[in-house]
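All chains, full assembly: derive it from the sequences and hints.
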Amino acid sequence: MADEYAWKDREMMISLFRNLQRCIDDFKKFAKEVEKFKLGVLDHPARLAELKKLIDEDPNWTLDDIRAKYDEFKAVYDYLTT
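Per my numbering, the sequence shown starts with residue 1, numbered consecutively.
If you're looking for bench data, these hints aren't it; they were derived computationally from the structure. The C-beta atom is built at its ideal place from N, Cα and C for all residues, glycine as well.
The calculated lysine-lysine pairs, modelled on DSS-like cross-linking and capped at a C-alpha distance of 25 Å, are:
1) K52 <-> K69
2) K74 <-> K29
3) K69 <-> K32
4) K69 <-> K36
5) K28 <-> K38
6) K28 <-> K69
7) K52 <-> K38
8) K36 <-> K52
9) K53 <-> K38
10) K36 <-> K53
11) K32 <-> K52
12) K69 <-> K53
13) K38 <-> K74
14) K74 <-> K52
15) K74 <-> K32
16) K29 <-> K69
17) K38 <-> K69
18) K28 <-> K74
19) K36 <-> K74
Have a look at the derived ranges for each label pair, beta carbon to beta carbon:
20) Y70 <-> K8: 39 to 47 Å
21) P59 <-> K36: 26 to 34 Å
22) T62 <-> R22: 30 to 38 Å
23) M12 <-> E33: 25 to 33 Å
24) E50 <-> R22: 35 to 43 Å
25) L51 <-> W7: 47 to 55 Å
Printed below as a string of structure tokens:
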């Protein structure tokens with residue numbers, strides 16, 4: 001029979017995996033929102049032009065920054081879903 005530590009370790013492992021699954025599920029939901037934004041704005045020339053005007057007014061952001069973050073996000077999403 002497993003000792004007391006093994007049971008505690010088992011419970012910890014189960015808890016960690018459940019938390020991880022919730023995080024992955026939330027990430028997938030978030031991915032759908034990001035993709036919807038990309039299709040609705042970043043891939044739509046007129047909306048993108050208007051967004052770019054606002055971005056140009058903010059010295060903390062550039063369109064390249066947004067695209068880079070999207071690419072980074074997409075890489076993580078692809079890794080988690082393959």
